Amino acid sequence: MSSMTDFGGKLDIALTRHRDRVWVAIRSSRPVTAAGVFADKTVLAATAQLPTLYSVCATAQAQAGALACEAAMGLAASAGAQRRRQWLLAAETAKEHFWRLLLDWPAALDLGADAASMALVMRAYRSLRGALTAEGDPFRPGTDDRPGSLEAGQASAQAENASAALAALASGRIFGMDARRWLERTDSAAGLMAWSGVTNTGAAVLVRTLLKRGLAGLGRNGIGVLPALSAEALSVPLSAADAAAFVAAPCWPPTADGPALETTPFARCRKQPLVAELTTRYGNGLLPRLAALLVELAEVATTLANSGPIPGWLETSAGAASAAETDSGRTAVGADAGVGPISDASSDMSSGLSAGVGVVQAARGLLVHRVAIEEAQVRSWRILAPTEWNFHPRGVVAAGLAALDPEDPALRLQATLYCIAVDPCVDFTLSVS
Amino acid sequence: MCLAIPAQILDLDPATDSATVSLGGVRKSVSVALVEDVAVGDYVLVHVGYALNRISPQEAERTLALIREAGALDAEAAPGA
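These protein sequences, in sequence, are chains A and B.
Going left to right, the first sequence walks through residues 1 to 433 as my numbering numbers them.
Going left to right, the second sequence walks through residues 1001 to 1081 as my numbering numbers them.
Hints are computed from structural coordinates only; laboratory data are not their basis.
All values reported here derive from a predicted model rather than from experimental measurement.
The beta carbon of each residue, even a glycine, is placed where N, CA and C say it ideally should be.
Zero decoy hints are in this set.
Stretches of chain B that chain A covers, calculated by requiring three or more beta carbons in the stretch to come under 8 Å of a beta carbon on chain A:
1. 1022–1034
2. 1037–1048
3. 1056–1069
With the rest of the complex left out, here is chain A (with noise of 0.2 Å):
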């Protein structure tokens, strides 16, 4: 990295025109490596850095590291931890899904950002992490209750506030209406444009655009999606020798000419009622994935407001927190232990060696994170993101913008919007020729 200001990294997007198409070289600055800065410390401080470091999605950061280091270390959080660390999951998010909704879909769209809505969704985020980490990181691994504390699961009346004060943005500035009243009304197609038709927020907004446009289907290609992969499956290409080919460009199964699939919030609901239908008409186009995020905005909103379980597709992960084996000779236990935290079958246990990993569904898709420790102390740590398999140089963007109209005037617009409407979480540069 050659500064301070390369050090986030960038995507740089060449399409070039040629004939009747358009090539795509994808080409990724992201430091992929740098979880390495954790080696040599102790796991107490590692994971207290570890989102100082990512910081824009920190608790799934720290929640996957926090997973993996208790799978390694034969440890679990107790049972109110973990409900503050679902919690904050569930609220940032909704934060991120809100980011995309407010700011990032409208600018691509040239519709204007509403950041005032968006400064009240920060406040508000901010305050529910405050409240819920005022007596405790509940992602130190292993952490334990403290009775009469929020870790014992009595929230304080400030995260219950800022809960609600996010529900309530999400209904007032997206839905116009109760989030779980839009997902009963909007579980069909018809529902959606139905909604969009009579409501003023900006995503009703959004849907009217695109299909006023006709870019409902923008984009749409064949790239599948990542299937349900147990901790144990993602962490040989983890532990192998090319690890670090692997978390720069992932394929799926781990072999190098494999296929690039995709990871994402359309990826995770693309069974929901309405976004469903909508794929069968709009394939993997940009309605149904902005219909994913609604989806997902709504009902963790839903959640939110009422206190109640975190989605489905949330909980599979986090859910697994103490289903963890201690060594490759134990079964793992739990209703979701296919996709929770273990201990890497390569541990050495009579060095002290041990390793696990943590697997998390982020708001960009699924993180997943592997450590190796001896001692208290680690000796490697690795991690995957979502964005490397979604802007794999073969992956559902490339082949989304490949299959744009080369002829399109709008090309560059078009291809803008479905990088945003895919998530690069980092700065890209788009170059059209």
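With the hints as your guide, set chain B onto chain A.
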């Protein structure tokens, strides 16, 4: 990864809700529409053109030190490095 970098506010423009910040010694314009009560001299975390949070000078220094450490590692791991 999704990283936010600490930056110090050098100048504020309330009319546009923007600020000029020093990001690793490089001047850059960012939006401060998402943070409250920031002043010249404050440190903020910057991501894709927005200031996300105000942080203390101590937090900023700790974060910058960690990023420098990680950056050095990543440069070593980069192809051709």
